[in-house]
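Produce the complete structure using the sequences and hints provided.
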Amino acid sequence: MSEREIDEISGTETTGHEWDGIKELNTPMPRWWVWTFYATIVWSIGYMIAYPSIPLINDATKGLLGYSSRASVAQEMAAAEEVQSQFVDRIAQMPVEEISSHPDLLQFAIAGGSAAYKVNCVQCHGSGAQGAPGYPNLNDDSWLWGGDINNIYQTIAHGVRYEAEDDSRFSDMPAFADLLEPEEIRQVAAYVVSLTGDPSDASLVEPGSVIYAEQCAVCHGDDGTGDIEFGAPNLADAIWFYGETEDEIAGQIANPKHGVMPAWVDRLGEPVIKQLAVFVHSLGGGQ
Amino acid sequence: MTDTRSQTTDVEQFDAQAVNAAWARKPLYEARKKIFPKRASGQFRRFKWLIMFITLGIYYLTPWIRWDRGPFAPDQAVLVDLANRRFYFFFIEIWPQEFFFVAGLLVMAGFGLFLVTSAVGRAWCGYTCPQTVWVDLFLVVERAIEGERNQRMKLDKASWSVDKLAKRVSKHAIWLLIAVATGGAWIFYFADAPTLLVNAVTGQAEPVAYITVAVLTATTYVFGGLMREQVCTYMCPWPRIQAAMLDENSLVVTYNDWRGEPRSRHAKRAKAEGKAVGDCVDCNACVVVCPMGIDIRDGQQLECITCALCIDACDSVMDKLGKPRGLIAYATLNEYTENMKLATAGGTSPISPDLIRNKDGSFIDKIQHFDWRIIFRFRTMLYFGVWALVGLALLFALLSRDRLELNVLHDRNPQFVTLSDGSIRNGYTVKLLNMIPEPRVIFLSLEGLPGATMSVTGIDQPDGRSFAIPVDPDRLRTIKVYIKQPSDLVQPGKTQFNLVAEDKASTEMDVYNAAFDAPEDK
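In order, the protein sequences belong to chains Y and L. Quick note on numbering: the first sequence equals residues 1 to 287 in the working numbering. Quick note on numbering: the second sequence equals residues 1001 to 1522 in the working numbering.
Worth flagging that the hints you see were computed from the coordinates, not collected in a lab. Mixed in with the good hints, there may be bad ones.
As the list claims (entries may be wrong) - In silico DSSO-like pairs for lysine-lysine, Cα to Cα no more than 27 Å straight-line: (1) L:1026 / L:1038; (2) L:1341 / L:1366; (3) L:1431 / L:1480; (4) L:1034 / L:1157; (5) L:1268 / L:1323; (6) L:1271 / L:1341; (7) L:1026 / Y:23; (8) Y:118 / L:1480; (9) Y:118 / L:1268.
To be verified - Not the full set, but computed from the structure, chain Y residues with beta-carbon under 10 Å of chain L: (10) 129; (11) 210; (12) 284.
Said to hold, decoys possible - From the structure, some residues in chain Y lie toward chain L, with a derived Cβ separation under 7 Å: (13) 125; (14) 127; (15) 128; (16) 140; (17) 168; (18) 171; (19) 238; (20) 239.
Think of the CB as a built atom: it goes at the ideal place given N, C-alpha and C, for glycine as much as any other residue.
Structural data, given as structure tokens:
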């Protein structure tokens, strides 16, 4: 193998390997290819010096340029914040109800609120803000705690029945299973259904209305339209929070479920809460 | 290794050689042979000057034509406004969704090229192709500085001197100037020309403008000055496609060898010796004027761009010799074949000039001449038909197109919302397109869906069935529309209805058939 062997026809050196009389030519690489290859080696050395490259036990070499992908992300984020700050600063300084009178801020707040909503709110209120039993639909015009922009802002910022927050909205419907007989609960449920529809037994409505006036009207109002001061739902509209059948209503009277919404102001900061309030208000039901 | 075959003497030796024997192989790359075209003069040369004047004029001057479109649109007659996604062509304005007009024009250009090629051969290549026009222009410069063909050849062979250097530098400098002007003119199609000119000269234009100028300067200089005929021969696909477009009735530049052969440089002596003598005196005038450097007498070939300069060259020689013009001429394959049959007695003899001539030297009556009626044949009519059909369709589309459009996107999440009074609400994103450069008030109204009312975010007006919405000139306005139907009128499931956008001033309108969703069990 040490002897160089030249192929007769092509005049090229062979590798010395032979298979059934066929020999492999050792055709040299094209020169441009070889030089490109060398150039990449030289380049890689420079690259290793300039950029983080060699892994150490807890770290890696830093490189002369001090590049870090985390730092560059942080830089991009800072740049984005810098661009947004012209809007965010103005939003931070003005009361939330004034935002909608500035078209540029309104547009920015709806876009920003929509983004914040997708991260923080969809888990309970749904991706279309359509809600679920126990989680209010934010598109409609029925609001437990008020649907004007200040009330929406207040609810998002401080939450509902959120123990850790002093300013949280709070109300507690008593469990009437302890106060009323089951028959009486059936009568009240029949009365509540009769406000918007047909109860199962019309004879229950009359005694139900008497109990309602004694026990329920304080919070839900004489006409059943509710009261946003107590987060008492409107019982005389077409929208039901925990279910619309008479059984479900009776169950809610006997052992009411109470939803909890966290306070977001510490977590998201005031400007984002304002954007969220503007966004929710823009969904079609804002008052 | 030793060759044992040569030692065996009793084996027959063949006188053979491999077709691809290594020593006889030619390199795959053939070095370019320089071409020094001589200036031709004659009717085709004059025609080409005229075409060059017109095409260059169109190219350089078009961006400077003004066209008043009112205060809300640019006043440049031809403008590709990429930033605002608009294309302006005199009285036509095209939005991106109307790009099919451009596609239609390209289809027309394609069929137009087929039509022209099948009728008169590669007229596009010979007269109007930018490559041909700019090479012609660059040759004018070359001739002005370095002189006519012989002087240029001498200069090329000469060793470097101050004179040669001066000539070469000035030639390339002028070429580069033309190239910069060419690249420079291009960018004016994409922005307001006067503004851009000032910005470009003062260094304030966008980098993309300078990059475009640089790229087009490079391509113009390299293609027009350095590569020339190689672009046509090696880079352009059209010479290869043209064979499918030409037929036996297409006019092509033809050397009529039925009257030219046998060629002779010493016609008189040959005649005296009793030899047959054709009209061709083998002066090579046709070869020296050829910008492609070919010999048309070898027949129709891929390199030939049919610029017809060889016709001019040959005609002037024929004039000098007192012979009829047209030894090289535009001819169809059909007439050529007929005449060839005459000259060779139906292919039984070599070309004989006597067979096609009377005793006095004039041509016999049987000689075929070009009949212009052959242009109107099935093939060309077919191309023209398709071309005209596409053109008419585009014209119809242009005249009947809407300048007011309405697009509606139905909210899908949630599909509908039940309101506290039991009514059902659907949300829609509505896009109103005002496609004229005038501000307009577009009336958006509901058609169908009994009892329903709508509200528009951003328009301060109580719920109703019709809204007046101002839209900026030449802009799209996106609005959020909520439509609400009382519970007693709601149909379960999906209900179709119309949203109508109407400009009461121009009575232009657009209707969108949308759906209203409600619960299935309502």
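Consistency of the hints with the structure:
1. The hinted pair formed by residue 1026 of chain L and residue 1038 of chain L fails the criterion: a straight-line CA distance of about 31 Å is larger than 27 Å.
2. Among the hinted pairs, residue 1341 of chain L with residue 1366 of chain L is consistent with the structure: their alpha-carbon atoms are about 11 Å apart, no more than 27 Å.
3. With a C-alpha separation of about 9 Å, the suggested pair residue 1431 of chain L and residue 1480 of chain L falls inside the 27 Å cut-off, and the hint holds.
4. With a C-alpha separation of about 11 Å, the suggested pair residue 1034 of chain L and residue 1157 of chain L falls inside the 27 Å cut-off, and the hint holds.
5. Among the hinted pairs, residue 1268 of chain L with residue 1323 of chain L is consistent with the structure: their alpha-carbon atoms are about 14 Å apart, no more than 27 Å.
6. Only pairs whose Cα atoms come within 27 Å are accepted, and residue 1271 of chain L paired with residue 1341 of chain L is accepted, the gap being roughly 23 Å.
7. The suggested pairing of residue 1026 of chain L with residue 23 of chain Y holds, with an alpha-carbon distance near 26 Å, which does not exceed 27 Å.
8. With a C-alpha separation of about 20 Å, the suggested pair residue 118 of chain Y and residue 1480 of chain L falls inside the 27 Å cut-off, and the hint holds.
9. Taking the CA atoms of residue 118 of chain Y and residue 1268 of chain L, the gap is about 98 Å. The hint is violated against a cut of 27 Å.
10. At its closest, the beta carbon of residue 129 of chain Y sits 8 Å from a beta carbon of chain L; the interface hint therefore holds under the 10 Å criterion.
11. Hint on residue 210 of chain Y is violated. Least Cβ distance to chain L is approximately 26 Å, over the 10 Å limit.
12. Interface restraint check: residue 284 of chain Y against chain L, minimum CB-CB distance 5 Å, threshold 10 Å, status holds.
13. Given hint, residue 125 of chain Y at the interface with chain L, is violated; its Cβ is 11 Å from that chain's nearest Cβ, farther than 7 Å.
14. Annotation: residue 127 of chain Y was flagged as interfacial toward chain L, and the flag holds, the nearest CB pair being 6 Å apart, inside 7 Å.
15. The beta carbon of residue 128 of chain Y is positioned within 7 Å of a beta carbon in chain L (closest approach about 3 Å), and the interface hint is therefore held.
16. For residue 140 of chain Y, the suggested interface contact is upheld, since its CB lies about 5 Å from the closest CB of chain L, less than 7 Å.
17. Because the beta carbon of residue 168 of chain Y sits about 25 Å from the nearest beta carbon in chain L, more than 7 Å, this interface hint is broken.
18. Taking 7 Å as the C-beta cut-off, the interface hint given for residue 171 of chain Y is violated, the closest approach to chain L being about 20 Å.
19. The criterion of a C-beta within 7 Å of any C-beta in chain L is met by residue 238 of chain Y, whose closest approach is roughly 4 Å, and the hint holds.
20. Because the smallest distance between the Cβ of residue 239 of chain Y and any Cβ of chain L comes to about 5 Å, under 7 Å, the interface hint for this residue holds.
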